[in-house]
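Student: Each chain, letter by letter, is given below.
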Amino acid sequence: MLDLINVSYDTQIPNNVGLSSDKKVLKALERWHPGYINWWNDLIPQNFQESMVYLRTAVSVDPKGWAKFDYVKMPEYRWGVLLAPQVEDRRIPMGEHAGELAWQEVPGEYRNMLKRLIVIQGDTEPGSVEQQRFLGLTAPSLYDMRNLFQVNVEEGRHLWAMVYLLFKYFGKDGREEADDLLRRSSGSEEAPRMLGAFNEETPDWLSFFMFTYFTDRDGKMQLESLAQSGFDPLSRTCRFMLTEEAHHMFVGETGVGRTIQATLDAMNKAGITDPYDINKIREMGVIDLPTIQKKLNLHYTLSLDLFGQEVSTNAANAFNSGIKGRYMETRIDDDHRLQGDTYVVRTVKNGLIVAEDVPALTAINMRLRDDYVRDAAGGVGRWNKLIEKSGIDFRLTLPHEAFHRQIGVFAAIKADPEGNIISDDEWEKRRDEWLPSKADGDFITSLMKPCFEPGKFASWIAAPKVGIDNKPGDFEYVKLHMA
Amino acid sequence: MNKPLKQHLIDPEICIRCYTCEMTCPVEAIVHNDDNVVVDASKCNFCMDCIPVCPTGSIDEWRVVAEPYPVDEQFGWDELPDQEDLGGSEADTGLEALDEDMAALLAEAHAGAGGKAKPPLSAAKPTVNLYTLGKPAVAKVTGIVPLTKDPGHDVRHIILDFAGQTMPVLEGQSIGIIPPGHDAEGRPLLPRLYSVSSPRDGERPNYNNLSLTVKREKGGVCSNYLCDLKVGDTVQVTGPFGATFLLPDDPEARLLMVCTGTGSAPMRGFTMRRQRTVGGRSGGMVMFFGARTPDALPYFGPLKKVPAALLEQHLVYSRATEAKEYVQDRMMAEEERVAELLADPKTHVYVCGLRGMEQGVEQAFVSIAESIGQPWGALKDAMREEGRYHVETY
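Protein chains in written order, with UniProt numbering: chain A, 1 to 483; chain B, 1 to 394.
Please note: incorrect hints may appear among the correct ones.
[As the list claims (entries may be wrong)] Heads up, incomplete: computed chain A residues facing chain B, CB under 8 Å, no partners named:
| # | residue |
| --- | --- |
| 1 | Val59 |
| 2 | Pro63 |
| 3 | Ala67 |
| 4 | Lys68 |
| 5 | Thr243 |
| 6 | Ala246 |
| 7 | Phe250 |
| 8 | Glu253 |
| 9 | Gly379 |
| 10 | Asp442 |
| 11 | Phe443 |
| 12 | Thr445 |
| 13 | Leu447 |
| 14 | Lys465 |
| 15 | Val466 |
| 16 | Asn470 |
[To be verified] Which bits of chain B does chain A cover? Going by a derived footprint, with three or more residues having C-beta under 8 Å, they are:
| # | region |
| --- | --- |
| 17 | 11 to 18 |
| 18 | 120 to 128 |
| 19 | 162 to 170 |
Worth flagging that the hints you see were computed from the coordinates, not collected in a lab. Here the structure is a predicted model, which is why all the values come from computation and not from measurement. The beta-carbon is built from N, C-alpha and C at its ideal position, and this holds for glycine as well.
Take these sequences, add in the hints, and give me the full structure.
Tutor: This is the structure:
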């Protein structure tokens with residue numbers, strides 16, 4: 001067990017920020033750390049806390065040093081504080097300060113804006129762990145259980161990363177915000193997480209995979225835009241977090257892909273060619289493709305909401321002040337100031353969905369969302385390749401951006417997945433064709449039976465093509481603690 | 001034809017297009033379009049920085065090619081092309097190591113197999129060339145013990161710890177040790193290859209360490225350097241190397257191991273791997289192990305504790321009594337046992353030791369194979385093609 005009285009921060013917390021000699025940060029961390037460990041211990045069922053999990057730990061930012069695999073008990077995971085190496089003479093990439101030297105300290109006039117962005121990012125990290133806390137109990141394999149816990153400990157490390165910034169650069173109110181990150185809790189009545197999508201529960205493994213594919217991808221895009229920040233410590237923190245975020249994308253894409261593969265295999269084995277022969281398909285213990293489409297519709301649209309209003313002055317300010325950039329800002333070939341530019345945004349005018357030009361500065365959220373949609377479409381294309389290969393006639397699609405929205409201009413209307421505006425009545429009538437119904441949820445829940453034998457998988461999901469860290473198929477990714 | 005090249009590729013069926021490799025690559029050799037992430041062969045310098053950062057396992061793919069696949073062709077792939085059969089020597093067209101010197105050394109060591117070596121079908125996928133002469137790993141000596149009591153035959157068991165560095169090494173693979181000093185032209189000395197004698201999860205399970213079995217050679221620059229190391233010293237390491245002399249993961253596979261002296265190193269790794277995973281429930285292992293005397297036989301003590309159900313041992317001494325006995329003599333004495341193994345398609349043969357042992361062992365195989373009506377040449381070729389016949393001699 002971690003010795004909380006004698007934490008040697010340089011050995012137990014892998015870091016490249018000189019933690020042990022930074023008295024101020026050290027004192028704050030020592031105060032915060034026990035609360036974090038309590039949060040973690042209260043979170044995940046006890047027998048998993050005591051199990052040996054084959055996890056990857058980042059011990060340094062060198063490419064060869066941040067993927068160290070070993071069996072660890074999760075409460076003893078070495079949550080590190082690691083920033084991508086400082087780039088000498090790094091310049092602010094965008095906004096009115098474009099071309100100036102990046103800030104190594106918080107500029108006074110942007111202090112509140114920066115703090116808020118860091119707190120929002122920090123709040124999502126523990127939020128998702130809370131949403132996923134009971135999934136271990138129904139893991140379809142030890143391999144998947146390991147992947148879940150890897151995602152969880154890395155979200156935990158990302159919380160550490162944000163807390164470090166709050167301690168290091170934001171003094172007393174930074175410390176208060178760090179405490180609040182542990183006080184708020186996903187789905188709580190009195191102190192919920194800050195963003196809606198992080199208060200929804202993750203009831204089953206297909207939801208988890210969809211969440212890591214779609215919602216964590218929003219996280220990736222937000223990190224990408226913060227990695228452009230003129231505030232250099234934030235940029236360096238986010239750049240390193242992105243290397244870990246890739247694993248979460250992997251869990252989502254392959255998780256959904258393997259779910260589809262199991263369905264295709266079962267259909268072909270039974271000689272079923274009609275993907276809508278739902279009862280027969282479900283009887284085989286796999287999830288039919290139309291239901292997978294409904295799950296996709298739900299998680300994709302919840303994730304679109306995370307990008308906020310299509311036209312936003314907050315986003316314009318964050319860009320203009322050099323706090324938050326666009327996706328791959330440094331690779332975009334323009335003046336990076338956007339003063340006279342426009343950007344196409346879809347909106348609702350007189351009951352019709354129309355495209356209009358708006359000042360590019362105010363459309364920063366929209367632009368990031370468009371990049372997100374492009375990124376998310378790639379994996380859907382690869383899932384469709386699996387379906388094509390199996391010879392079954394079905395295609396998964398991303399629904400129209402107006403479909404099932406709670407935030408932004410489309411929240412005011414109802415639309416079908418093709419983007420046709422429909423009446424409230426029709427929406428109520430047809431909702432269950434497009435989004436998972438209670439019965440769909442009950443069916444999926446009925447499949448969520450744990451499968452804890454090494455190398456074995458639940459009926460509804462196929463084995464992965466490659467093991468983690470090149471391990472063989474029957475590798476015992478989690479040595480379960482049997483109490 | 002030009003000399004074949006080793007080309008780094010990414011498996012488009014496994015890759016999730018996260019572009020982490022692209023961001024990590026220090027020479028911008030990795031690029032993507034809307035479909036694929038690919039490596040530009042004209043820029044990749046085999047630094048391997050992209051290998052550990054990949055979350056999927058799609059990145060560690062290699063093909064030996066006469067002409068590298070251009071970027072545009074790779075953009076259009078749905079799956080990786082098969083390895084083309086280029087013929088040629090193992091050094092030129094094998095994937096045992098990416099740098100030429102190491103590939104040449106291993107090809108020479110494997111020459112006794114009589115053709116291009118192939119790994120066992122069920123072997124784990126090896127990582128090669130993660131560390132190079134220009135970018136070596138630094139390991140710390142955490143143990144060094146004499147294995148023999150024969151002063152003329154000083155063999156040491158050396159434990160190297162890699163701390164935070166990734167060193168994914170499989171049983172049967174080798175690592176390079178860079179001896180300190182320079183050659184006459186002031187260049188650093190080339191690494192010397194040593195077979196790892198510990199299993200993949202470490203000399204001690206789940207410690208990031210490995211062991212070597214090193215014999216002090218008279219006038220040997222590297223062997224004397226290694227045998228004189230003290231606990232706490234650091235060593236520069238390259239590798240891992242080797243992609244064929246590997247243990248089948250199939251527990252039903254039967255192993256016939258013939259070795260002399262420090263040729264026992266990979267056999268020790270195989271044995272410990274099986275001991276830690278399947279134990280006596282495996283297809284079994286039979287070892288013919290030769291040395292001058294019991295005092296000169298590495299691991300004589302620990303071997304006695306290995307149960308026969310896991311490892312059937314034939315320890316053979318050439319200087320213990322009047323009658324000199326070599327491994328091939330004992331193989332002949334156990335002709336029926338060896339014949340039964342050779343006839344079984346689950347058997348994998350491993351020969352490792354000094355080059356001088358090859359001829360005698362080969363003759364024993366010829367004679368035993370003939371006794372069951374199988375011409376050894378054809379049987380050997382078939383076994384080698386199936387990844388079931390392996391020779392590493394030096």
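Student: Hint by hint, work out which the structure violates, then give me just those numbers in ascending order.
Tutor: Per hint list: 10, 11, 12, 13 violated.
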